[in-house]
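These are the residues of each chain, in order.
Number of protein chains: 2
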Amino acid sequence: MRQSLLFTKTKKETPKDETSINAQLLIKAGFVHKDIAGVYTYLPLGLRVLNNIQEVIRQELNAVDCQEISMTALQPKEIWEKTGRWSDDVVDNWFKTTLKNGNELGLAFTHEEPMANMMKQFVSSYKDLPKLVYQFQTKFRNELRAKSGIMRGREFMMNDLYSFHTDEEAHKVFYETMKEVYMKIFTRLGLGKNTFLTMSSGQPFSKYSFEFQTLSDAGEDVLLFDRQKNIAINKDDFNDQIFTDFGLNKDDYTFEEAKSIEIGDIYSLGTKYSQALDLTYADSESKVHPVYMGSYGIGISRVMGTIVETSHDEAGIIWPKEIAPYQVHFISLCQDDQKDEAEQVYKTLQAKGVDVLFDDRSDVRPGQKFADSDMFGIPLRVVISAKTLQLQSVEVKQRNSPDTELISIIELMNRM
Amino acid sequence: MRQSLLFTKTKKETPKDETSINAQLLIKAGFVHKDIAGVYTYLPLGLRVLNNIQEVIRQELNAVDCQEISMTALQPKEIWEKTGRWSDDVVDNWFKTTLKNGNELGLAFTHEEPMANMMKQFVSSYKDLPKLVYQFQTKFRNELRAKSGIMRGREFMMNDLYSFHTDEEAHKVFYETMKEVYMKIFTRLGLGKNTFLTMSSGQPFSKYSFEFQTLSDAGEDVLLFDRQKNIAINKDDFNDQIFTDFGLNKDDYTFEEAKSIEIGDIYSLGTKYSQALDLTYADSESKVHPVYMGSYGIGISRVMGTIVETSHDEAGIIWPKEIAPYQVHFISLCQDDQKDEAEQVYKTLQAKGVDVLFDDRSDVRPGQKFADSDMFGIPLRVVISAKTLQLQSVEVKQRNSPDTELISIIELMNRM
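Chains L and G, in that order, give the protein sequences.
Be aware that the first sequence starts at 1, since it is given in the numbering used here, and climbs by one per residue.
Be aware that the second sequence starts at 1, since it is given in the numbering used here, and climbs by one per residue.
Some clues are possibly wrong.
Stated by the list, open to error - Subject to a maximum C-alpha distance of 27 Å in a straight line, what follows is the list of computed BS3-like cross-link-like pairs (lysine-lysine):
#	chain 1	residue 1	chain 2	residue 2
1	G	Lys16	L	Lys120
2	L	Lys131	G	Lys9
3	G	Lys12	L	Lys120
4	G	Lys82	G	Lys120
5	G	Lys272	L	Lys9
6	G	Lys147	L	Lys96
7	L	Lys172	L	Lys287
8	L	Lys100	G	Lys82
9	G	Lys287	L	Lys12
10	G	Lys96	L	Lys77
11	L	Lys207	L	Lys250
12	G	Lys147	L	Lys77
13	G	Lys127	L	Lys9
14	L	Lys77	G	Lys100
15	G	Lys12	L	Lys131
16	L	Lys131	L	Lys207
17	L	Lys127	G	Lys100
18	G	Lys77	L	Lys100
19	G	Lys11	G	Lys28
20	L	Lys16	G	Lys100
21	L	Lys9	G	Lys120
22	L	Lys369	L	Lys28
23	L	Lys9	G	Lys82
24	L	Lys369	L	Lys339
25	L	Lys9	L	Lys369
26	L	Lys28	G	Lys77
I should point out that these hints are in silico values taken from the structure, not numbers from a laboratory.
Hey, can you work out the whole structure from these sequences and the hints?
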């Protein structure tokens, strides 16, 4: 895309009403706009990152035969009453609203209930199982405070997957698969090195569950972890009982302690929701059982915020390659008589299918162009100017390295 | 995709609680699931159609340099008070909710206000204009009744574009462009033949505006149109004044009358919102003016419902090619000893990049497979069976034609 068309602008000043680094950097770079605390609009570059994160997750979930749907925000009271989660005394972050006829509705903070209720249409026999269904959907949570930028929103994008199996045994096989799938996703998203599969108390669904925690000073959790032995426990749950229950010996490990962000979690739900909502199947002898469920969630906007928190420098964001808004930031410093040559390189890159943002702005100083580029955090910067054109070259620089390199335009095309 | 993985099932019975053809056919085919009246979950095949419609629109809007963002459902009261649209006496279909601190929020039924408010961050000079910004976003409308299936939802997907120009003259040029862009979009969506650019009273924004109306018995509007002279007027606005105002002579036309569905509209907003929200720019002489706005909307789920209403037969839906959930429905009737050959054809189709749904189910009768295929409405059906394999062939059939044709597997691949 041509940067001259981009309606957003970068800001020099740090927004005064934002205390989190992720919101500060994303707003300064023009990736998001705050509508109200915890409620953010995704602007063109930010939306591209959000979509790229979704696409990585979609690929990995489709690879294990999960199917994508899209459920609704508006929720009927009845199904949540059946599971005991309608009351504000039980769930303290509902947003609720009212139909013209006076009926109360909720705005979904999660989707176990509508998912189990919907599956009743399609599951009746053991032959219908297993089934794996996911979505990318806006969740609404009426947080008392929202000070963590896009990491804890009142309205935010989430990926939630629900699994339906005949019994615990079949569920457990898939649950183990999901531990690997999630770690693969977080690795592709650039968070693999500092993300730990973490034992935690499984509230509200079971005695224990697993979270994925990423080390970061911006985290609200505290993690105890042994990097070498690849074990991590949420500090809240760090006690002798958990070691006993998992058959581990505490003395075998050397735990470090650090702040961390919960970026995903996987739950064994058992038959809690299927029993409450009457989601059952008949086995081969026509005996009826409740379906065994699991749920698996990744906060998309929280992941995006976590990446910013853990991958930036003083000049701006440093996006991992897989989710960067563009792969190449092609910056022209050419004056009028050489603009055609810059245009030609841009068109050749486009023709090669390179995902490129072209800074074709003619009224902006080189210093501002470089500053914008650093704020955007696109992995590869390619500069063309009168100087580089003397050698039929361009200057290339990785966002995460100070080194620049002059290479011929032909070499640039070969590398793409 | 393998149909054996698909968790949805077709239904024989017409759902009793749905009076609209679109909801009946979409639910029977397993494309959508009703959560509450006017609130539908999009299941795997339905979501694919919805995404395909969005992609057509995205391509056409990007082609005229529009930029995609994603705004929020939760809306602060303040900006809507400034334009006079917060009160339930003015806007009677708000869903409202409340923050923990007691502040009221609305759920966006449209986005003129947040869009104009957000643009203040990025527009200050005439050099920042024009700007064209769009989104695909869930809208919430507290309809008293919701009986038209996915055509009039309480929660539904909309594409809304907003234009920002220096003055009416510049706006008008883009407004004329959008008439053509929208008609191109509706043509690609298979609705071109029966969709009319329609003069209507421009409430709430200006004296006149234009709608896009598609002829259908399911419509809530009545259209007066002259197909030959390509003119159409909403019956509500059909009076002498409109002819006078547009400089037309009523006697020059022969009007037919028919029911129609409003699938899109384009509005000149003038400076109503920019003045109320203080969205201004300085001209080259530093004189400050309010920005001239336009808004342009297509109801994505309404378009999907309209296509079903206008393109189906007794057996099910007939999707236009560009938005069908899959391009090819490849149905295997092969028994165990010939399954490998069907698998081989499926894999070859996939390798060629063909968008194919493979009915690999082994426990389903041929009659049910054909019935399902007709309900799904995929443009091309390809059947492989012991009989066709005797001639190394497959049987192909277009969804919208009764004719079948036996062609060699080699010929099938050549056609793809």
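Do the hints match the structure? See the list:
1. Distance hint between Lys16(G) and Lys120(L) is fulfilled; the C-alpha atoms sit about 17 Å from each other, no more than 27 Å.
2. Between Lys131(L) and Lys9(G), the direct Cα distance comes to roughly 13 Å. Compliance with the 27 Å bound is thereby established for this hinted pair.
3. For a cut-off of 27 Å, the pair hint linking Lys12(G) to Lys120(L) stands: about 16 Å separates their Cα positions.
4. Straight-line distance between C-alpha atoms of Lys82(G) and Lys120(G) comes to about 15 Å, which keeps the hinted pair within the 27 Å bound.
5. Taken as a hint, the Lys272(G) and Lys9(L) pair is honoured in the structure, with Cα atoms around 25 Å apart against an allowance of 27 Å.
6. For the hint pairing Lys147(G) with Lys96(L), the CA-to-CA distance comes to about 23 Å; that is within 27 Å, so the pair holds.
7. For the hint pairing Lys172(L) with Lys287(L), the CA-to-CA distance comes to about 22 Å; that is within 27 Å, so the pair holds.
8. Taking the CA atoms of Lys100(L) and Lys82(G), the gap is about 25 Å. The hint holds against a cut of 27 Å.
9. The straight-line distance between the Cα atoms of Lys287(G) and Lys12(L) is roughly 25 Å, inside the 27 Å bound, and the hint therefore holds.
10. Between Lys96(G) and Lys77(L) the alpha-carbon distance is near 16 Å, which keeps this suggested pair within the 27 Å criterion.
11. A distance of roughly 19 Å separates the Cα atoms of Lys207(L) and Lys250(L); the hinted pair therefore holds under the 27 Å criterion.
12. About 20 Å separates the Cα atoms of Lys147(G) and Lys77(L), which keeps this hinted pair within 27 Å; it holds.
13. Using a Cα cut-off of 27 Å, the hinted pair Lys127(G) and Lys9(L) holds, with the two alpha carbons roughly 13 Å apart.
14. For the proposed pair Lys77(L) and Lys100(G), the alpha carbon gap of about 20 Å is at most 27 Å, so the pair holds.
15. Under the criterion of a C-alpha separation no larger than 27 Å, the hint pairing Lys12(G) with Lys131(L) is consistent with the structure, at around 22 Å.
16. Of the pairs offered as hints, the one joining Lys131(L) and Lys207(L) holds, with about 24 Å between alpha carbons and a cut-off of 27 Å not exceeded.
17. Between the alpha carbons of Lys127(L) and Lys100(G) the distance comes to roughly 46 Å, so the proposed pair goes past 27 Å and is violated.
18. The suggested pairing of Lys77(G) with Lys100(L) holds, with an alpha-carbon distance near 20 Å, which does not exceed 27 Å.
19. Between Lys11(G) and Lys28(G), the direct Cα distance comes to roughly 5 Å. Compliance with the 27 Å bound is thereby established for this hinted pair.
20. Proximity of Lys16(L) to Lys100(G) is assessed by CA-CA distance (about 23 Å); at most 27 Å being required, the pair is judged to hold.
21. Using a Cα cut-off of 27 Å, the hinted pair Lys9(L) and Lys120(G) holds, with the two alpha carbons roughly 11 Å apart.
22. For the hint linking Lys369(L) to Lys28(L), the alpha-carbon distance of about 14 Å falls within 27 Å, and the restraint holds.
23. At most 27 Å may separate the alpha-carbon atoms for a hinted pair to count; Lys9(L) and Lys82(G) meet this at roughly 26 Å.
24. For the hint linking Lys369(L) to Lys339(L), the alpha-carbon distance of about 16 Å falls within 27 Å, and the restraint holds.
25. About 11 Å separates the Cα atoms of Lys9(L) and Lys369(L), which keeps this hinted pair within 27 Å; it holds.
26. A C-alpha spacing of about 26 Å is found between Lys28(L) and Lys77(G), which places the hinted pair at or below 27 Å, so the restraint holds.
In the structure shown, a violation is registered for the earlier hint numbered 17 alone.
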